[in-house]
Amino acid sequence: MALFTTAIVGGLALGGILAVISLGMVLAYRGTGTVSFAHGQLMLFGAFFVGWLDAKGGWPFPVQLLIGLSVPALIAGAFYVLFLRRLIGLPELFGLLATLGLASVLDAGAVALWGSNDYGVHVPGVSGGVVHLFGASIDRPSLIIAGATIVIALALATVLRLTHMGTLVRAAGQDPVLASQGGIHIHRVFLGAWAMSGALAGLAGIAYADLNIASSGLELVALSALPAMVIGGMDSLTGALLGGLLVGVFEGLISTYVSGDFVDMATYLLLLAVLLIRPEGLMGTRYVSRL
Amino acid sequence: MSAAAQANHDIPDAGLLEVTDLSVAFGGLRALSELSLRLEPGEVVGVVGPNGSGKSTFLNAVGGLLKGAQVSGRISVVGVSGRRRAAALARAGLARSFQDPKLLEDLTLLDNLMCGAHHTLGGGSLVSLAGSRTARGRRHETERWALELLHAVKLDGEAWDVVAGKPYATRKLTDLLRAFASRPRLALLDEPTSGLDAHDRTVVAEFLNSLRGRAPTSMVIVEHHFELLREVADRVVALSAGRLILSGPPHEVLDSDEFRATLTGSAASAEAG
Amino acid sequence: MEVEAATKAQPVGVSRPPEPRTASIVPRNLLRVAIIAAVAGYYLYNGSSSNLFQLNSCLLAAVAALALNLLMGTAGQPSLGTTAFLGLGGFGTVALMRGGLPFVPAVVVCGLVACLGGLIVGLPSLRLRGVYLALATLGAYFFMIYLGNQYQNAKAGPAGFVLAPLFGAVPDLTRQRYWCVVLFALLAVTSVVIDGMTSGRLGRALRMIRDHEAAAPALGIPVTRYKLVAFVFYAAVTAIVGGLGAALVGNVSTDAYTLSGAISYVAMIVIGGMDSVSGAIIGAFIVTLLPTFVSSETTSLAGSSFAATYGPSVSEGIYGLAILILVSMGRGGVAGFGRTLWNLAKRHGAHRLPFAGAKQDRAAN
Chain A
1 MALFTTAIVG
11 GLALGGILAV
21 ISLGMVLAYR
31 GTGTVSFAHG
41 QLMLFGAFFV
51 GWLDAKGGWP
61 FPVQLLIGLS
71 VPALIAGAFY
81 VLFLRRLIGL
91 PELFGLLATL
101 GLASVLDAGA
111 VALWGSNDYG
121 VHVPGVSGGV
131 VHLFGASIDR
141 PSLIIAGATI
151 VIALALATVL
161 RLTHMGTLVR
171 AAGQDPVLAS
181 QGGIHIHRVF
191 LGAWAMSGAL
201 AGLAGIAYAD
211 LNIASSGLEL
221 VALSALPAMV
231 IGGMDSLTGA
241 LLGGLLVGVF
251 EGLISTYVSG
261 DFVDMATYLL
271 LLAVLLIRPE
281 GLMGTRYVSR
291 L
Chain B
1 MSAAAQANHD
11 IPDAGLLEVT
21 DLSVAFGGLR
31 ALSELSLRLE
41 PGEVVGVVGP
51 NGSGKSTFLN
61 AVGGLLKGAQ
71 VSGRISVVGV
81 SGRRRAAALA
91 RAGLARSFQD
101 PKLLEDLTLL
111 DNLMCGAHHT
121 LGGGSLVSLA
131 GSRTARGRRH
141 ETERWALELL
151 HAVKLDGEAW
161 DVVAGKPYAT
171 RKLTDLLRAF
181 ASRPRLALLD
191 EPTSGLDAHD
201 RTVVAEFLNS
211 LRGRAPTSMV
221 IVEHHFELLR
231 EVADRVVALS
241 AGRLILSGPP
251 HEVLDSDEFR
261 ATLTGSAASA
271 EAG
Chain C
1 MEVEAATKAQ
11 PVGVSRPPEP
21 RTASIVPRNL
31 LRVAIIAAVA
41 GYYLYNGSSS
51 NLFQLNSCLL
61 AAVAALALNL
71 LMGTAGQPSL
81 GTTAFLGLGG
91 FGTVALMRGG
101 LPFVPAVVVC
111 GLVACLGGLI
121 VGLPSLRLRG
131 VYLALATLGA
141 YFFMIYLGNQ
151 YQNAKAGPAG
161 FVLAPLFGAV
171 PDLTRQRYWC
181 VVLFALLAVT
191 SVVIDGMTSG
201 RLGRALRMIR
211 DHEAAAPALG
221 IPVTRYKLVA
231 FVFYAAVTAI
241 VGGLGAALVG
251 NVSTDAYTLS
261 GAISYVAMIV
271 IGGMDSVSGA
281 IIGAFIVTLL
291 PTFVSSETTS
301 LAGSSFAATY
311 GPSVSEGIYG
321 LAILILVSMG
331 RGGVAGFGRT
341 LWNLAKRHGA
351 HRLPFAGAKQ
361 DRAAN
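Protein chains in written order, with this note's numbering: chain A, 1 to 291; chain B, 1 to 273; chain C, 1 to 365.
Just so you know, the hints here were simulated from the structure itself, not pulled from any lab data. Glycine included, each C-beta is placed from N, C-alpha and C at the ideal position. Heads up, a few of these hints could be off.
[What the hints assert, rightly or not] Some but not every residue of chain C turned toward chain A, in silico, with C-beta under 10 angstroms:
1. Ala134
2. Leu163
3. Val314
4. Met329
[What the hints assert, rightly or not] Partner residues aside, some chain C positions facing chain B, computed with beta carbon under 10 angstroms:
5. Pro18
6. Val170
7. Pro171
8. Arg207
9. Ala218
10. Arg225
[To be verified] Coverage of chain B stretches by chain C, computed from C-beta distances (three or more under 8 angstroms per stretch; other residues unrestricted):
11. 26-33
12. 57-65
13. 104-111
14. 137-146
So here's chain A without its partners, still in its complex pose (with noise of 0.2 angstroms):
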């Protein structure tokens, strides 16, 4: 019981965390229909510019947030400014490539930068001790990174429904044309889902920094936010949140009972599981074709 808990909350927090990330690439993908493979790259640079700040001392928590949150944010825009935008009603296969190579530059940058260099992410009031729950012992941390993430991604989702802004981007991404003859300026509405989900990335990116350590290792949890966005559904910002907890709870179970080296396998098993049942995912939109 004490290991299930243990899981359970440990999974928490990564679905948190994994939910945080997808609602940004789902936010992205409902704008230009592009799935994001860089979206790791963005969480690296929101941790590691906390964590580089911390260490060089003298910058408070407050500043170091704004400017782990604002880089990645910064980075994805310029992307969609700079790259992206030429590539919009082209087939989806484009943009896929061009965050594979927005992911190489910004690892070629994330080198240059830190080198082989780690950082320690600390949120302030989020460190160290114990809470005791049905028998088991957990981290703090993890238990309020859980709570954090999931209020966080709730909140936004919410937000962004009752503000139509999720409707704004969808509109803007479905018809263009249309969407810009409603009176729609949908360059700066996927500018700014682009921006968001850079925000969003670089958030993930820091909470999970200071659970583990802002490391090269991190690109690889957004990995496994690709499997909880397609399994809650790609364009669902619901869905994202379902996707990121269910995957997360999945992981920490699999890596509790099972074996850590087994996660990201047993991960992408269960995405072709869900996809087998149900290809539009928890959440999804069914994908129609037209002529």
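Given chain A, put chains B and C in place with the hints provided.
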């Protein structure tokens, strides 16, 4: 003509196209209601109706290209009935042109036509490299036919040009010609003249009429330009809100007050909406 | 051209359509093979063993790039699983050879196993769009790494497996020369086969799937079957390359099969030019030689320790940037650039002729 519209399953060899009580819905949205239609061999039928009356849905349903829709009723096309796949229908003699030209931009006009004859050309997927003699013979024969088609609309001089950069009319015509490259028994044409000017519309009409002599093909033509149907079609059926409301010789249907009423009615409601 | 001119001049009723004249793919394949032969021949006579090793790596990468180009460039299906199938070939060859099978049958068996693997990875995602295939190949990658790690930890330790060099006890230079001949032959055959596959009926069908997947079935193209054919072919060729590569390098370890390695193969296709046989080969050479070039440049600029630390990532950044720029601004890549130059040169040549404009009609014939 009402006899043709009736469902008729006691006639052997149910013909090229026989649709009985076809209903199609997307979610809660009804696109077609209890539509029945029968085509005689060699017959050219025009399908008219205001936007959203279900014309494209009808073509897609017949062509096996409907996905994610609830379909009831029976469709029998080129001798195939029941659950049908588009590729299998094509192999049985069905062809299709598209409202937006769907071409291979970086290949030549001739290559695009050859692509339309994909299933009539021999050779397995990997073996086509070596190419048996029959396969080569068939390719040669198909190329000859494709060039004849291009010649009929005076595009034979551009047969070996790449599509990219060609004017819209050329691309539109290429898409139309491609539907005949496989010498189909039944061709479904989705607005073959949309976006074309008066001159090119005559080219299309002349081309479709010339096929009667060359390679008799039954056709279902969805069209907004009624002049084309007056020149080409044997019969016109009118759809309104997913129902077949009229069927008869082109001038009878197109000039009928009832048909005009649906057009102006939908225009009025479109303006109101 | 004379035929067309004649037809146009005649009245419509009398005119006849032009005769079929299918362009032969033989000359361009001969030219391509001859160029590769010239490069290989030069290094066979003049190259050091390390020159030849690099050339061999390029030839081998080019074979895998050709297979990926068929899948991604021609059929439009992205794959991040190139290293997964390379790994399957590498580890499979090791396992089979440890089981007593000679090298060549081991590699062939790996190719066959990869067909099956390709079928399993490809099948569920084929009814869905390309992104799902990319994800499924990512899954295949994690699967390969997991199995590879288990096997490696159980039998060999973290450094991985060492393969006995091929071609017996000969000096290294001689060995690399043997390799060069073998790999040249392999690349020549693969390039001709793939050009043949993609320039006819199958090629048109694959491109139709790439550009208008929803419309392709209406032209009688069995979309699912063709995607599967392309994917299985790619998986098999890549696994064979993996087996050969393991023997060429002499070492198999999971460290060598990275995700960025898979992206580097994507980079080869994008840089060389999507859907171009020559492009895939050129791209493979560029991306394979880039780390060496970068490290020698950075060594001379900033010293060897800097080069050792930053060299690999500098080249990764370069091809990443190349992907970004080429995908968003010119999908032709190097091959497309060459084609544009050729067209420009031709058109330019015509314009530079005196009175070219006035004699346009005749020039057009």
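Status of the hints after comparison with the structure:
1. Ala134: holds (6 angstroms)
2. Leu163: Violated. Min distance 25 angstroms.
3. Val314: holds (6 angstroms)
4. Met329: holds (7 angstroms)
5. Pro18: holds (6 angstroms)
6. Val170: Since the shortest Cβ distance to chain B is 36 angstroms, the answer is violated.
7. Pro171: At 39 angstroms from the nearest chain B Cβ, proline 171 of chain C fails the 10 angstroms test, so the hint is violated.
8. Arg207: holds (5 angstroms)
9. Ala218: Interface hint status for alanine 218 of chain C: holds (4 angstroms vs cutoff 10 angstroms).
10. Arg225: holds (8 angstroms)
11. 26-33: Answer violated; 0 residues pass the 8 angstroms Cβ test.
12. 57-65: holds (count 3)
13. 104-111: holds (count 5)
14. 137-146: With 4 residues closer than 8 angstroms to chain C, the stretch 137-146 of chain B meets the three-residue bar; holds.
In summary, the structure is inconsistent with hints 2, 6, 7, 11 from the numbered list given earlier, while agreeing with the others.
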